[in-house]
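There are 4 protein chains.
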Amino acid sequence: MILKNMRLIGADMNFASDNAGPAAPEIMDAVVRANHGYQSSYGADGVMQSVRNRIRERFEAPDAEIHLVATGTAANALCLACLCPPWGTVYCHRNSHVEEDECGAPEFYTGGAKLTLLEGAHARIDPAGLDAALRDAAPVGVHNVQKGALTLTNATENGAVYDTGQLRQLTELAAAHEIPVHVDGARFANAVAYLGCSPAELSWKAGVKALSLGGTKNGLLGVEAVVLFDPRHSWEFELRRKRGGHLFSKHRFLSAQMDAYLEGDLWLKLAGHANATARYLGEQISSCENTAILHPVEANMVFAEWPRRLHQAAYERGAGYYLWPHAQQLEGDPDKLLSARLVCNWSTTESEVDRFIEILRRN
Amino acid sequence: MILKNMRLIGADMNFASDNAGPAAPEIMDAVVRANHGYQSSYGADGVMQSVRNRIRERFEAPDAEIHLVATGTAANALCLACLCPPWGTVYCHRNSHVEEDECGAPEFYTGGAKLTLLEGAHARIDPAGLDAALRDAAPVGVHNVQKGALTLTNATENGAVYDTGQLRQLTELAAAHEIPVHVDGARFANAVAYLGCSPAELSWKAGVKALSLGGTKNGLLGVEAVVLFDPRHSWEFELRRKRGGHLFSKHRFLSAQMDAYLEGDLWLKLAGHANATARYLGEQISSCENTAILHPVEANMVFAEWPRRLHQAAYERGAGYYLWPHAQQLEGDPDKLLSARLVCNWSTTESEVDRFIEILRRN
Amino acid sequence: MILKNMRLIGADMNFASDNAGPAAPEIMDAVVRANHGYQSSYGADGVMQSVRNRIRERFEAPDAEIHLVATGTAANALCLACLCPPWGTVYCHRNSHVEEDECGAPEFYTGGAKLTLLEGAHARIDPAGLDAALRDAAPVGVHNVQKGALTLTNATENGAVYDTGQLRQLTELAAAHEIPVHVDGARFANAVAYLGCSPAELSWKAGVKALSLGGTKNGLLGVEAVVLFDPRHSWEFELRRKRGGHLFSKHRFLSAQMDAYLEGDLWLKLAGHANATARYLGEQISSCENTAILHPVEANMVFAEWPRRLHQAAYERGAGYYLWPHAQQLEGDPDKLLSARLVCNWSTTESEVDRFIEILRRN
Amino acid sequence: MILKNMRLIGADMNFASDNAGPAAPEIMDAVVRANHGYQSSYGADGVMQSVRNRIRERFEAPDAEIHLVATGTAANALCLACLCPPWGTVYCHRNSHVEEDECGAPEFYTGGAKLTLLEGAHARIDPAGLDAALRDAAPVGVHNVQKGALTLTNATENGAVYDTGQLRQLTELAAAHEIPVHVDGARFANAVAYLGCSPAELSWKAGVKALSLGGTKNGLLGVEAVVLFDPRHSWEFELRRKRGGHLFSKHRFLSAQMDAYLEGDLWLKLAGHANATARYLGEQISSCENTAILHPVEANMVFAEWPRRLHQAAYERGAGYYLWPHAQQLEGDPDKLLSARLVCNWSTTESEVDRFIEILRRN
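Listed in order, the protein sequences are those of chains Y, U, X and D. Its first residue numbered 10, the first sequence is counted upward by one per residue in the numbering used here. Its first residue numbered 10, the second sequence is counted upward by one per residue in the numbering used here. Its first residue numbered 10, the third sequence is counted upward by one per residue in the numbering used here. Its first residue numbered 10, the fourth sequence is counted upward by one per residue in the numbering used here.
It should be emphasised that the hints constitute simulated quantities derived from the structure, not laboratory data. Incorrect hints may have been included.
If you want the ones that stay clear, here's a sample from chain U, every Cβ over 12 Å from chain Y, calculated [claimed, not checked]:
id, residue
1, PRO71
2, THR173
3, ARG371
Distance ranges between label pairs, derived from CB positions [as the list claims (entries may be wrong)]:
id, chain 1, residue 1, chain 2, residue 2, range
4, U, LEU346, D, ARG144, 54 to 62 Å
5, Y, GLY150, X, ARG364, 51 to 59 Å
6, D, ARG103, X, CYS206, 26 to 34 Å
7, Y, GLN58, D, ARG65, 50 to 58 Å
8, U, SER360, D, GLU109, 31 to 39 Å
9, D, ASP145, Y, GLU181, 45 to 53 Å
10, U, ARG318, Y, GLN58, 52 to 60 Å
11, U, GLU35, Y, GLN58, 25 to 33 Å
12, D, ALA209, X, GLY46, 22 to 30 Å
13, Y, ALA130, X, ALA209, 48 to 56 Å
Note that the Cβ used here is the ideal one computed from N, Cα and C, for glycine as well.
Throw the hints in and build the complete structure from the sequences for me.
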């Protein structure tokens, strides 16, 4: 969505989205290297086996099945279709990507399941609300949709991270009601990097059955790995993927990206850098007058507010970011506080942050 | 699908599939160049406007709407979903990709439409059969599925090409029954290169409403352009694409491929080379003893048969291709004729063909 | 759903549901009369033409198209599928039948549309909430589901009635956002009978495009008429109905019921009686000690609360009705107020009410 | 579908369809009797338990689960949705009701499965053709739709009956490929009555997993029983039924019909009468000059041909039936043979047949 009131593409100071930035050089190199001779198509390429091995090892999950797709929406919707029947409901946060940014992909792929919207600060699902919703549905009859699956986003849409305790609180509620748990991990790397825990602790060891392991927002051209900790869904996933048009013939170009991403924990290095830069950005914003940080800066995003005239100045000087929520207007009372989302990615530099902060300070 | 009775990946002499080969260097260069700084995501990148302009100009279709997806199955299924209602039927050849190789993607994306299978030599739809099928459905009532759309593949799955006359015969029948026409153009470049006609003559000027313009089989990493000659379907297409998980955030990497593909008619050069190599391969096979060519070699594929012992020898020496149909066995009576499909791509060389033919001659 | 804590089937004092009661004798007579000789099937029976004429005349809508189905869920879901695309959202009340009691039928029939839940007292949609939701969706992009349709229930699930002014407030908001309006009229007869207005005033004259005109809850065996004030949806509706398995071969038995229902405004007489009995019941409950009426008694339902011991006494003496919401327990502190739903139908008598009230008074 | 070239509704001599005739008096009486006092809704009525018991006993299947719907299309499509995944294909006869007369209901309810069309005389599936189709699909990969289910119609659309041996031939093929078998038994009663076998022999004992046990074509107003011999599908069926809008609130009126239908084997008596009348009709037609019987007359339908002038005479004198196939024209060369379908139902009399035959003889 292109909004009139922003500049998305700056030579620098671009905090619009982690998917507006470039791919990491290690990734691009791997893609170029993969373009050599012949390779079996449709996922039978040799590199894909390496991807599987790396994920199984890194996640301490030797039985996990792994499949690649090119978009986060595909990863999420295909996972949910495997976990939730058409007559089920998917419990999710009101501000989750599956609800707000996928144009109904979960409904489409599941064959018409429902999404039950839950509240919670910082886009984390409030356990009490989940508990109430599940209890409310408890005496199931044929008249209502059935309890289907729980999906949560880690890191959240507001840049917060569920730690393993918070995660377990939710997965245990799901388990008590016998529904499986999916994690939208478009920024899973950022969550792991923030917590310093093992990927296993933040996934299957905490009761997660399926994970969309994001790459696109973290330096890939466009690949997400679906990690099925319950391998029984694997064949169904493959059929749904093919039927959804998401099986790549020249699959080697997906494998190559994911392989390089995992090699030497590049994924955590890239995410760690983005997190650190966001933290630095958040601290610097905090130190400016008339500003406030709106959500904990745990991953690679800063949600903050400051007076409108500073937004005007920042836009004028070429900074790129979204006013958040979008409905706010750039024109009007110069002292009114407007809120914004600023996203850092693997390539964002401290000096960009410094130049940006200077605008906030000098105006 | 990996079959036991073939070697797919040879250092050379690989005729398994046009999607087992590499991307063209011009394409890879463009991808690398695209990886610079920030770009608007989701198709709002600058290069996409160039793609639109190039296609509109090259197809003499200033009103056409163009959208990119990464797989042919997505392109086909999304087009058909825009053209055929859930209660309609799509007329197609029995051996078409939409029927045989998409795991029901058209049924999924249309919301449960039917495919009506037609016969015809060389995977070209027989006009008499289409006429009969449409007449048969003519006195439509509510009990039957309704006439929905016609889809045909050019070049066909058997490497034949519909010329403009043959194409018009079918589109006129469709027009008489008021159903729109889609072309699966996974090898459209090969068809245009073979005929030497203009892209417009082989599409909208001949009554085609929507075209899946293939790139992946012809030197791209994975991009297909959907060309909607009737722009009224454009917004619906965009929504279906997003909802299907086929809208790329880092869309610039798709745009870059398609832009380079169109620049200086690279697409036709690549396809022309593949066609010429296939023609040469076909001629050489014809000149061998005990061989027969099974379909006209018009695009980049040769369907031929020769004795089993020569297949065994070819496999042994590292040639890669599929026995076609797959059910044939590599072991058995050495003189039995087995049929095969051999596909050339932009990178296949005459010397590979020569080495391959030598095997057929010497054994 | 059969709950342990109620007696549904009493010889009398049964207020469980308007669909637990019998069919009206005029209706049953018509069904018996229809069982004579041969009739064209699938809606081509002669009586269906009479049904069409009666509805067009009574609704002052000569162009309306009318189709019959046997269940309210079918009527609602088929209407919504005609009005809302798969990528749209249906605005509805959080407690509406389409959300709570159809096991996802709207999602199924629309091909995966979403339901956006709105608040409002007495299960009437709050116009301010609708306005906000529509505005919130206003800057539509491809990432979100699109504004699809508005559906409201009249009389509501809480027995309240939208008058023509309240109705227009909502339909004007919908019109401003260019989305069509459907009315779930499972108890439309009760609403018209309550208001004393014309059916046209409460439907197309107030901006309604499609109406599920209920019969089953008001004395039929099982028939609902779908009234399409915009006849352009008619053929699509017919195809969706057939494809949904809702076109009856021996359709005459549906036609006969609806015809008798409309003849001499039987539908309004039956609903008027049920309304009057409910009003009487509500007044009588009000006059008892320790009771409260929870929603305006405008149609044929009373929502009220009184002490648990009186519920226990009522159940013991054979009264049938649901504690509402269902989660309440019949056992426990005898003075605690528990709420209940009591439904009157065309056959409920004042003497039943009197006997029931006596229980509340004497205990 | 109303065709110009037929008279559907005659005072007598109506052989148009078994669903154009009346309901049997025993059935109508049961409906009238059911209209007494209050009954639990949605299938919890007392009579439904009797229906379950009767079917379990009569089919010697104590574990079978039974559910009622009102149309054959609903029964078939809901069964197939439980048996075949969205990515599967349903093997069926080219002329089956699911393919030709349900406007894509199986595709809709399964979520986009495919139907694979098989040939076979008299609308019986040819075992060799099924075998070939299943073998052809055997080396399943992700590219093709998967083997889903087999459905066959008994008695067939051409009035032929599969005996238990013929049935087993097909079900054993299905079992060898591990796909379940559904029987469209819209005229199952006619098949059982013809063979004189037990219902169990013609269903679960022969490997059938799910049966649509028809009532509507055999004297009911509109009820079909779904008999799930594998009860594991039962809850899924109930959810799909509700979600499809096929769960009746005043379910007692469905139960009552099915209960009376089963009582004292009325179903077999009604079907036996229809079969006998058809046999008599067939014999009489055979004995006329210039006629031919086109399919074995085993159930309640006669397919035959005779000169056009006799069709003209029959229509003129008020006989009602379809020319079959429909495309034939009533006007033209008087001696040309035209084929017709004549259907007898429980109420067709020998004297009607005699009057009809007299027309064929006297003209």
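*What are the numbers of the hints the structure violates, in ascending order?*
Result: hints 4, 5, 6, 8, 10, 12 break, sorted rising.
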